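With these hints in hand, go ahead and build the complete structure from the sequences.
Protein chains: 2
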Amino acid sequence: MNGAESLARTLLRSGVDVCFTNPGTSEMHFVAALDRVEGMRCVLGLFEGVVTGAADGYARMAGRPAGTLLHLGPGLGNGLANLHNARKAQTPVVNIVGEHAVRHLAHDAPLTADIEGIARPVSAWVKTSTSAREVARDGAEAVAAARTAPGQVATLILPADTAWEEGTGAAEPVPVPPAPQVDDSRVRAAVDALRSGQPTVLLMTGRVLHEDGLALAGKVAASTGTRLMAQMANKRIARGAGRVTVERVPYPVDQALATFADVRHIVLVGAKPPVAFFAYPGKPSELWPKGCEVHSLAEAHEDCMHALEALVDALGASGARPAFQALERPSVPTDERLSVETVCATIGALMPENAVVTDEAISTGRGLHPYTLGAPPHDWLAICGGSIGIGLPLATGAAVACPDRKVLALQADGSAMYTIQALWTQAREGLDITTLLFSNRAYGSLKHELHNVGASNPGRKALDMLEIGRPDLDFVSIARGMGVAATRVTSTSELARAMRAGLASGGPNLVEVML
Amino acid sequence: MNGAESLARTLLRSGVDVCFTNPGTSEMHFVAALDRVEGMRCVLGLFEGVVTGAADGYARMAGRPAGTLLHLGPGLGNGLANLHNARKAQTPVVNIVGEHAVRHLAHDAPLTADIEGIARPVSAWVKTSTSAREVARDGAEAVAAARTAPGQVATLILPADTAWEEGTGAAEPVPVPPAPQVDDSRVRAAVDALRSGQPTVLLMTGRVLHEDGLALAGKVAASTGTRLMAQMANKRIARGAGRVTVERVPYPVDQALATFADVRHIVLVGAKPPVAFFAYPGKPSELWPKGCEVHSLAEAHEDCMHALEALVDALGASGARPAFQALERPSVPTDERLSVETVCATIGALMPENAVVTDEAISTGRGLHPYTLGAPPHDWLAICGGSIGIGLPLATGAAVACPDRKVLALQADGSAMYTIQALWTQAREGLDITTLLFSNRAYGSLKHELHNVGASNPGRKALDMLEIGRPDLDFVSIARGMGVAATRVTSTSELARAMRAGLASGGPNLVEVML
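Heads up: the sequence lines are chains P and E, in that order.
Under the numbering used here, the first residue of the first sequence carries the number 228, and numbering increases by one thereafter.
Under the numbering used here, the first residue of the second sequence carries the number 228, and numbering increases by one thereafter.
Watch out, some of these pointers could steer you wrong.
List time: in silico DSSO-like cross-link candidates among lysine-lysine, alpha-carbon distance up to 30 Å [as the list claims (entries may be wrong)]:
{"#": "1", "chain 1": "P", "residue 1": "K674", "chain 2": "E", "residue 2": "K354"}
{"#": "2", "chain 1": "P", "residue 1": "K499", "chain 2": "E", "residue 2": "K499"}
{"#": "3", "chain 1": "E", "residue 1": "K674", "chain 2": "P", "residue 2": "K354"}
{"#": "4", "chain 1": "P", "residue 1": "K499", "chain 2": "P", "residue 2": "K517"}
{"#": "5", "chain 1": "E", "residue 1": "K674", "chain 2": "E", "residue 2": "K510"}
{"#": "6", "chain 1": "P", "residue 1": "K510", "chain 2": "P", "residue 2": "K499"}
{"#": "7", "chain 1": "P", "residue 1": "K688", "chain 2": "E", "residue 2": "K354"}
{"#": "8", "chain 1": "P", "residue 1": "K354", "chain 2": "P", "residue 2": "K517"}
{"#": "9", "chain 1": "E", "residue 1": "K354", "chain 2": "P", "residue 2": "K510"}
{"#": "10", "chain 1": "E", "residue 1": "K499", "chain 2": "E", "residue 2": "K688"}
{"#": "11", "chain 1": "P", "residue 1": "K354", "chain 2": "E", "residue 2": "K517"}
{"#": "12", "chain 1": "P", "residue 1": "K354", "chain 2": "P", "residue 2": "K510"}
{"#": "13", "chain 1": "P", "residue 1": "K499", "chain 2": "P", "residue 2": "K688"}
{"#": "14", "chain 1": "E", "residue 1": "K499", "chain 2": "E", "residue 2": "K354"}
{"#": "15", "chain 1": "P", "residue 1": "K354", "chain 2": "P", "residue 2": "K499"}
{"#": "16", "chain 1": "E", "residue 1": "K674", "chain 2": "E", "residue 2": "K688"}
{"#": "17", "chain 1": "E", "residue 1": "K517", "chain 2": "E", "residue 2": "K499"}
{"#": "18", "chain 1": "E", "residue 1": "K510", "chain 2": "E", "residue 2": "K688"}
{"#": "19", "chain 1": "E", "residue 1": "K510", "chain 2": "P", "residue 2": "K354"}
{"#": "20", "chain 1": "E", "residue 1": "K510", "chain 2": "E", "residue 2": "K499"}
{"#": "21", "chain 1": "P", "residue 1": "K688", "chain 2": "P", "residue 2": "K674"}
Chain E side only, calculated, beta carbon under 8 Å to chain P, not exhaustive [claimed, not checked]:
{"#": "22", "residue": "T248"}
{"#": "23", "residue": "M255"}
{"#": "24", "residue": "G266"}
{"#": "25", "residue": "C269"}
{"#": "26", "residue": "L273"}
{"#": "27", "residue": "F274"}
{"#": "28", "residue": "P301"}
{"#": "29", "residue": "W352"}
{"#": "30", "residue": "A503"}
{"#": "31", "residue": "A506"}
{"#": "32", "residue": "F551"}
{"#": "33", "residue": "E568"}
{"#": "34", "residue": "C611"}
{"#": "35", "residue": "P698"}
{"#": "36", "residue": "G710"}
In short, the hints are calculated from the structure, not lab data.
Predicted, not measured: the structure shown is a model, and the values here were computed from it.
Ideal Cβ positions, reconstructed from N, Cα and C, are used throughout, including at glycine.
Following this line, the structure appears as structure tokens:
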């Protein structure tokens, strides 16, 4: 059995049974091995940003990493932006990156590049295999590195000769180190803060935002009156009826500062101290006020669920009853004009039970929270690294992970264009994804930002860099060109009809919402 | 004048008057400055791979660098693959990459990344500006670095506060160091080799493949009988009637080995010793045989044109008459079936005078050489770094550089999908580009490669990674969705008609050629 097959079997034995791929010549032995390895599902992306973003979406929903198969340094480069997002989301990903045979590297052939150098800024673990006999063991270590709390990007570089020479067969899984538990002093400090009688916030991200973690947080809130908040962007939040609702840190700096203005203690669970997304002249980066103390109950790499359980125990709050969200949703508006408000209300009205929602709605989506918090239970996946172009791939990966759930992709137009190729993968795999594509013909958020930096009356040349009309993109045509059914809507009732039909179709479809 | 405007004016004064952009918030001061800087043309790309590939195409034709404007680490990451191609093509590119304000970096905000780390593998020069008062000078140095022979990628990272704080105004251009001249011993060694009476090859790339350089090489060939060859892929070759025709090193290893089998001396002018594109089990990386001597007349960073002139002088060949290519082109075939042969012949028959041809035809295009070498004079731009997804951006940049010439983009379908967003930029800018999109519904070259690695009877799972049908891409629909006129052809006469009409239209258009 050659190195490539040994590696593929190792990944499988370590629990990686989905691989998103965009291979090239140097990965052909791995591709050839796939025919011989039962149980490994391979999903082709026509661009590597689709591959890495889908791996992120998959792992967020499956709770275990997918593999990616990428073609040398440039292929990894194309996947880098969504690996950056995965790194910031703390999602486990196992990248397999092909490389020239070792003897070929000295010749600086066209595709030769510093792959480790490209990998390092987005990877917690990077290794180049040096022989076919080590490939399987390296693969098992890569999976363990990816699964190390809170979830990491691991990149294994596979020279072609280590793939084609004789390997060892599958290696045993490498044990994943358990997340460290926090000591009592951290729990006691959190208890003291939450019982101080001063305004407090419990600021969370990561695993504790699943339903069970939120229920624990709800007990803390019921027992102490603390506000529950999640970071500005989170890899996955359980939301909707029957869950404990949390606020999110607002994106606009002034709004975020106002949110924390009176807060005297922030207790972090997996989250970092809240900071502005961008810096602005004359505005602070830190969002908490002077005199507010920031306490870390548990850092992201620690056992946050255990820390939250310990906090509940220390507060004597095990019997407290969380404030569970009631089912209360808007009706489809009678106002036929499509606006951010009518669109958000329609989404709130029609979101299906147990949906997975991927949110790259950007300027259109900032107001969605109140319209959707009382919808039927669902999971909400956001962009954590700020690099747009994750939405369509994220939906793709989530749908591969959850074939029995409906995926609703809320997608801005400008962002969609970065990884529009994801639609094709959705079509090939027949994924149950309804994409609402919000067409405002602009990088809407940037127009606000241009104003924020003091250019309030921009000229044509500046505006041309922020508006994506002239010509207008026709997403219906683009989607159909990739095999995805699509329709354009210009009124609220059309949106409602298209959304219902799309969700009922069971396959990939796109609704272009003209704002 | 703030740092951003100081930088924009510096770039302009240093001869950079086109900037391909995909900005974000951290670049808003630069965008705002554009309104105030006359003479800087800005071209928006909807994805950064379009931006960097267009900068490459622009510089190949303009002979001077364009700027790029990219959004932090992930934006640079998205542009990385085509910067890899630019690095291998030795094209000058000046990247301006936004960064958080310096004080914001400590907070590890979502978009914070190791930008220098991402830049280094593709850049010969990387710098992060540390104050608004240094930005202009840094910009002038970046341009000089990019223009240093043979052409380099320079990346200047621009923290937002160095853009928004008070700057210095435009800086003076920094002198570009002249390319070193080769000493006489190298010329004498080349003369000895070429006069040895044994089979020789003059192997070239870079600037010497322009018309004047080829004329010099033609004198060398006329005087010594040496074979003239260019590298496998070259940034720009002057071809067609009235030029000196050169062979190119073949891509298939066995064919390349056969090409050099009897050669006893290879004289390099800007080129590297010929090596295989990929390594294969049991085949060598080096393409020259044992007993063949490789001589370097001039390396890429040296003054190759001067070296070639010196060689002509030393050979006493100034008066020699090169073998200029006659105008002789195929007719449009009467065979109506579209095949690689009929397509290549039709292209040869209809290529317009003074065209710029961008070649990412991959498996369809390998046979184009004989059909087009006697066409009217034209320039041929190829992919030098092996990273597919350069074709459409390259055509875009070349058309921006050469508004009075017709650009013919020869484009494989699989490769097109990596940077398909380039079509939108072609539409917005009204560029005179005719794209022939060769639709074979496969990564055609990879199917050969799978066979090459010994998997001659692949199963469904492996084939699914190499075939891009199911669903078939409809490039007519995709192109129209981005504002580009498009038509599908299924016969030779339809192809000829569409190609004539497209070239006559004067604007961007795409012909989907069903193979």
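Structure-based check of each hint:
no.: 1; hint: P:K674 <-> E:K354; in the structure: 29 Å, holds
no.: 2; hint: P:K499 <-> E:K499; in the structure: 50 Å, violated
no.: 3; hint: E:K674 <-> P:K354; in the structure: 29 Å, holds
no.: 4; hint: P:K499 <-> P:K517; in the structure: 17 Å, holds
no.: 5; hint: E:K674 <-> E:K510; in the structure: 19 Å, holds
no.: 6; hint: P:K510 <-> P:K499; in the structure: 19 Å, holds
no.: 7; hint: P:K688 <-> E:K354; in the structure: 27 Å, holds
no.: 8; hint: P:K354 <-> P:K517; in the structure: 44 Å, violated
no.: 9; hint: E:K354 <-> P:K510; in the structure: 27 Å, holds
no.: 10; hint: E:K499 <-> E:K688; in the structure: 39 Å, violated
no.: 11; hint: P:K354 <-> E:K517; in the structure: 35 Å, violated
no.: 12; hint: P:K354 <-> P:K510; in the structure: 41 Å, violated
no.: 13; hint: P:K499 <-> P:K688; in the structure: 39 Å, violated
no.: 14; hint: E:K499 <-> E:K354; in the structure: 29 Å, holds
no.: 15; hint: P:K354 <-> P:K499; in the structure: 29 Å, holds
no.: 16; hint: E:K674 <-> E:K688; in the structure: 13 Å, holds
no.: 17; hint: E:K517 <-> E:K499; in the structure: 17 Å, holds
no.: 18; hint: E:K510 <-> E:K688; in the structure: 28 Å, holds
no.: 19; hint: E:K510 <-> P:K354; in the structure: 27 Å, holds
no.: 20; hint: E:K510 <-> E:K499; in the structure: 19 Å, holds
no.: 21; hint: P:K688 <-> P:K674; in the structure: 13 Å, holds
no.: 22; hint: T248; in the structure: 6 Å, holds
no.: 23; hint: M255; in the structure: 5 Å, holds
no.: 24; hint: G266; in the structure: 11 Å, violated
no.: 25; hint: C269; in the structure: 6 Å, holds
no.: 26; hint: L273; in the structure: 4 Å, holds
no.: 27; hint: F274; in the structure: 5 Å, holds
no.: 28; hint: P301; in the structure: 3 Å, holds
no.: 29; hint: W352; in the structure: 16 Å, violated
no.: 30; hint: A503; in the structure: 7 Å, holds
no.: 31; hint: A506; in the structure: 4 Å, holds
no.: 32; hint: F551; in the structure: 30 Å, violated
no.: 33; hint: E568; in the structure: 25 Å, violated
no.: 34; hint: C611; in the structure: 6 Å, holds
no.: 35; hint: P698; in the structure: 3 Å, holds
no.: 36; hint: G710; in the structure: 3 Å, holds
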